[in-house]
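A.B. asks: Take a look at the letters that make up each chain.
There are 4 protein chains.
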Amino acid sequence: MPGNSLGKALTITTFGESHGPAIGVIIDGLPAGLPVKKEDLEFELSFRRPGRLFVSGRREKDEPEILSGIYNGRTTGSPLAILIRNTDVISSFYEEVKNKPRPGHADLPYIMRYGYENWDYRGGGRASARETATRVAAGAIAKKLLMLTNTSIAGHLISLGPIELDEKVSFEEILCSKYSPVRASKKSLESKYEELVKSATVEGDSYGGVAEIVVNNPPKALGEPVFDKIKADLAKAILSIPAVMGFEYGLGFKAAKMKGSEANDEIIFKDDKITWKYNNSGGILGGITTGEPIILRCAFKPTSSIRKPQKTVDLRNNKETEISVLGRHDPAVAIRGVTVAEAMVALVLADHAIRSNVIPQVKLSDKDVEIIENNWKRYVNSCKPTEGSQ
Amino acid sequence: MPGNSLGKALTITTFGESHGPAIGVIIDGLPAGLPVKKEDLEFELSFRRPGRLFVSGRREKDEPEILSGIYNGRTTGSPLAILIRNTDVISSFYEEVKNKPRPGHADLPYIMRYGYENWDYRGGGRASARETATRVAAGAIAKKLLMLTNTSIAGHLISLGPIELDEKVSFEEILCSKYSPVRASKKSLESKYEELVKSATVEGDSYGGVAEIVVNNPPKALGEPVFDKIKADLAKAILSIPAVMGFEYGLGFKAAKMKGSEANDEIIFKDDKITWKYNNSGGILGGITTGEPIILRCAFKPTSSIRKPQKTVDLRNNKETEISVLGRHDPAVAIRGVTVAEAMVALVLADHAIRSNVIPQVKLSDKDVEIIENNWKRYVNSCKPTEGSQ
Amino acid sequence: MPGNSLGKALTITTFGESHGPAIGVIIDGLPAGLPVKKEDLEFELSFRRPGRLFVSGRREKDEPEILSGIYNGRTTGSPLAILIRNTDVISSFYEEVKNKPRPGHADLPYIMRYGYENWDYRGGGRASARETATRVAAGAIAKKLLMLTNTSIAGHLISLGPIELDEKVSFEEILCSKYSPVRASKKSLESKYEELVKSATVEGDSYGGVAEIVVNNPPKALGEPVFDKIKADLAKAILSIPAVMGFEYGLGFKAAKMKGSEANDEIIFKDDKITWKYNNSGGILGGITTGEPIILRCAFKPTSSIRKPQKTVDLRNNKETEISVLGRHDPAVAIRGVTVAEAMVALVLADHAIRSNVIPQVKLSDKDVEIIENNWKRYVNSCKPTEGSQ
Amino acid sequence: MPGNSLGKALTITTFGESHGPAIGVIIDGLPAGLPVKKEDLEFELSFRRPGRLFVSGRREKDEPEILSGIYNGRTTGSPLAILIRNTDVISSFYEEVKNKPRPGHADLPYIMRYGYENWDYRGGGRASARETATRVAAGAIAKKLLMLTNTSIAGHLISLGPIELDEKVSFEEILCSKYSPVRASKKSLESKYEELVKSATVEGDSYGGVAEIVVNNPPKALGEPVFDKIKADLAKAILSIPAVMGFEYGLGFKAAKMKGSEANDEIIFKDDKITWKYNNSGGILGGITTGEPIILRCAFKPTSSIRKPQKTVDLRNNKETEISVLGRHDPAVAIRGVTVAEAMVALVLADHAIRSNVIPQVKLSDKDVEIIENNWKRYVNSCKPTEGSQ
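Chains as they are written, first to last, in full-length UniProt numbering: chain A, 1 to 390; chain B, 1 to 390; chain C, 1 to 390; chain D, 1 to 390.
For the record, the hints were derived by calculation from the structure and aren't laboratory data. Be careful, since some hints might not be right.
Since the list gives no way to pick one copy over another, a pair counts as held whenever it fits inside one copy or between any two copies.
Cut-off 30 Å, straight-line C-alpha distance, at most; resulting in silico cross-link-like pairs (DSSO-like, lysine-lysine) [claimed, not checked]:
#	residue 1	residue 2
1	270	384
2	220	192
3	311	384
4	37	254
5	367	220
6	37	319
7	273	311
8	198	377
9	220	61
10	198	186
11	367	98
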């Protein structure tokens, strides 16, 4: 049964394998009138692109081609299709994988499910994190749509391996972490993360990390009883990301240790508006957004592909053996995972904003477009490092 | 937009408010031939029923009526509808709530979304955990279907407030925890949990807790790339439960602190079968089940309804005020939440088992029915406390 | 796989068998604030109720109970469940059917699909037209929602067996045909239809007929490229009605005999508004509503249940035999089918009106409610026969 | 809301405009192991390709590129994406259309819906029949899947304008009509159709036609109560085709004129198998396939684009005017429409075959693949005209 689509009012359907000709995504349900440029997609893609410091060395330009749904630079209400060709494919790294399933990877489950003979092992095939580039491209459009309500989404790594963020950070700092090569929201943290990542590379090992995503100025009253609670749809979207093993929002797992009188958030007046004292619930109550910032966290496991030899089996002779996973891999998938998680949050919120009439289903007005363009410009220009700083 | 349905191959659609005439569920997608008795539903419902020790005092018999989809005691392939009348409704408790939204509750978000005048405040309306009875009834049928592969699902509380389970427990012990009034899998833990719950009741406060759900002997190779990964669908189902603030599976958040060489699970031979050394991935790799036990955990926040006075606002006069939530509430929703979480896991697995041809979509064979009946009988009789012990 | 739900933004899920305890429907996706009374449902149900002249003699009161989704007489945004108990069930008529599948009926296909042993043969089980009562109840609510745009839907029989309507009729006449026992929009036609129906009853035979449904003042610009064209969704909804074997809109099959220069509708100005000269396209172009009246027709086959003996097989001994179908049946299902077809059109239009932001997804305003109430009152009172005339 | 996807177990999502860079389709839900070659797609596409005699002169090679979902020539269980670049685009024909909506076309409704400024008028944009090439490509794969049950689908024109087929034809003759440039199943009919089409071209006019699609050897027991009846899903799929204004199956509209004793089909034994005497119900009873040939018909209106001048309005000055539609158009869309209708039937049947476990959801066996390959070879080679005959 089909499992490659997500969203009800705004639906993405993705396709493509790591070492096939291309990956891509169809976005259906966009209202007409949204200005979309290739540059918008490239902006977001630049923050998950491989081939940079501290991430996989695969040199993909990730150049998106918009195939449909745009006329005169604006959406038409028809599905918008984005194609990204795979260009830097070196499948030879993967010959060994064909018979030695990699620990921590989807190799064996895919073989179990689809049959050894139908398994596109090259680069992990469909299970490869390469697929997430299409999510980021689609997420760029969702982010732009959300500019209508001046909603912005930002993520950072609150921990990497054993190292944890132990300071308060502003939304601005989180937003600017995308220019940090290790997705740190504080300079002091950045250097510690970098040390760790370097050590992992040297050891042929990898680290996990926890990403936190914050949504500033989210529309309130989004989310539907009972199963399409915003927290439920966020959890699904986040857990659909490869390597994510946990999700929490607001107090999260900490709430389980607390008393009701501590965890409950008092309802107060602030500037004559009803609000909550601590936003303990991370912007979501009863599965519906409160209008306070949405705060969620997700746990990425360490990159499964490591050079360090690990035990596995040889499928040809049914014997135990070892594998040292070569290829070009991230020392910590969590770093690039932050951008992917942001995209998933954007897609869920845009979907729900349309479901709740906050964003129109059919057509944006001229006024809408103006608001979006202005907010998007501000968003794109925020935090921009000065020439030569990166 | 509709948000009250879950599942693609096996779909449940629920309805009903806490203090309306009834709650209920339609289960669509069941193959013909499954023997279903009212007693099957009552068996599962008995473990979340209110009116027992340590849980809400509301005296609901939770008597399910099967309205359709059954002929001669077996499913016909048509939708099976279950109705549970609300009988012990005392709405007077809720008069105060109408103008004083309760901290930690969905009151205010529902008002924001649907309008004050359309808000059925009585007993929390649709946001009430009462709705989860319908999930448990539907889950009973999903559990029974899964008997075809001899799959069983059990849950327990691995922590309640500050108290944590610190021993290894067997699947059998977890399974039998349903007869513990505080959902403890160890006797020593049970008494500690009970003390805590009693103290909460005395203080007019409540506690959170962490439930762990284990699936024994799950079908392997369930789950679909990319968005309908089994971990994603489980996360959504679990987060759709009221009061759940976090989800993890396998190593979960712990993985984020680890190295790849620690978190990766070595692939080995055991009894001539390929398997994993530690099941670190909690039975799910690449979003697909491995055949190893599925292990997941979810964090329940403390019951939001507490007697202890908390700050809120009075909507009539826009002033800050206090509320002491009366009504009959659980000192820890996590206790009854375990049964609900089990039901959600059962529904997701049954849905995916049908999606993967492990359970037939249209009709069970006589052989299938025999296997199901035998395994179900064993399941129902397991752990049964001796006469008078509960 | 589930097949008992229809609609994306407004979804109905139906359940129930002809001779089971009850039939019912859940309507999900209704905005909050819509006033719904039991009487609204009963009004529409009265036009398809059995036990009247010229239709089946089964005496069902069809008394709907609203189980959820209403508070203070208005929708809450939660699913609205409607239950109709079966009261006048005489299953003994059906003992013969168990072994002698009825020509023209679903008996044999249901047996093929779900197995003889799982087949609820009593009254046709799920395949019975009794199920359509739930559609009419749901359709009543859809019709009421559409009062927001002052859209009304009416149907009549343009042919019954060999007799055809050969005059022009006004929308008002079509609307008032619901008070005709044979669904005729002209008095002269009514008497001819009645003669025909009486002759069929005497002969133990039945007749087919063609229903025409007209939507007055439909919202324009409804319908979505490519697969959810309004014509496609209408066709599915209409063909989902038992006994319907054909669908057409506008010129329909006649268009296939024509030249482009005849079938194309010229675009003109009328009262300073752009419009079409003849509405040849029945209010739908490119799958999108034009704002002109929607006109569609559907062919009902003759009632399959006839007293006249027909050849069939005896499943016990695999021999050819005869059956004379007893029970209480309509001489022409097309008569009551008109009301069902109206309901299906209402449900599709309401679904699309929500999908196109013509009706709000979440909540109606006070102004909206006032418009709806006024238009609904007018609709209910239109054509009312004077005391004693029926 | 999204409207560009169809199917539940086998889903297609299409994208692309007539004069944009490309059109394409993602097929999700294919089991692993199906051999798919570019040539399979090209084979089916060749029967709807423009640039041939009696159809539009646009010279599109319609060369499909498979972007994903295939490894070693077989499906992997991942979504299969097909891209067709637009190469012969002459948008200049359409400058006039921008301000003069064409009678019979979607121009005005698209403007109403999405706004004049967002309307891609070039070649009809998304409303163009060009989009149907993607359906034919996807349909090729569905047809191939259905080879597992040796099911084949064929269509022909039973009428073109006023000319009607008045002889019995065999399935073989229908199947071979694809090599007729006017889709006639009889040589005598072919010459009459050709004359008519030539006259239309000369007059600058066009004709409608009725296509009949026959499914030989369909799987029995496909179709789901209540809304996903096979007849309902077929009707939706067929009405989603541009220019189709009517659908019927079996006796269709004729049944409405008949008595029950005539329309009911007697159930008999033939070769020791239970069957129906006349297949009056066109292979579908109760919305479920009976195993007899499925027979359905659909009415295509005449091509809306005609050279003959027609009245329309000029949107710049709000005055009535005339338009003579240039561009390269079919004298009768019904001709190429037959191939599209075949594809839609194939897609619906394959979807339902998977929903009913007749085709596996996850993976084909080696035996399955062998059957498919053999039957496909026979299908492709059937009716092949001898060298130089076309």
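A.B. asks: So, for every hint listed, does it hold in this structure?
C.D. replies: Results of checking the hints against the structure:
For the identical chains of this complex, residue 270 and residue 384 are neighbours neither inside a copy (33 Å) nor across copies (55 Å), given an alpha-carbon limit of 30 Å. In this assembly of identical chains, the alpha carbons of residue 220 and residue 192 never lie at most 30 Å apart, being 37 Å within a copy and 41 Å across copies at closest. In this assembly of identical chains, the alpha carbons of residue 311 and residue 384 never lie at most 30 Å apart, being 45 Å within a copy and 43 Å across copies at closest. Taking the closest pair of Cα atoms, residue 37 and residue 254 never come within 30 Å of each other, the shortest separation being 42 Å inside a single copy and 40 Å across copies.
With identical chains, the CA atoms of residue 367 and residue 220 are at most 30 Å apart both within one copy (21 Å) and between copies (23 Å). Neither within a single protomer nor between protomers do residue 37 and residue 319 lie at most 30 Å apart by alpha-carbon distance, with minima of 53 Å and 36 Å respectively. Within a single copy, residue 273 and residue 311 get their C-alpha atoms only as close as 59 Å, which misses the 30 Å cut-off; across copies the closest is 15 Å, which meets it. Within a single copy, residue 198 and residue 377 get their C-alpha atoms no closer than 35 Å, and across copies no closer than 57 Å, so neither meets the 30 Å cut-off.
Taking the shortest alpha-carbon separations for residue 220 and residue 61, neither the intra-copy value of 38 Å nor the inter-copy value of 37 Å comes in at or below 30 Å. For a Cα distance limit of 30 Å, the shortest separation of residue 198 from residue 186 inside one copy, 18 Å, qualifies, whereas the shortest one across copies, 45 Å, does not. For the homomeric pair residue 367 and residue 98, the shortest alpha-carbon distance between copies (24 Å) is at most 30 Å, but the shortest distance inside one copy (55 Å) is not.
The structure fails to meet hints 1, 2, 3, 4, 6, 8 and 9 from the earlier list, while all remaining hints are met.
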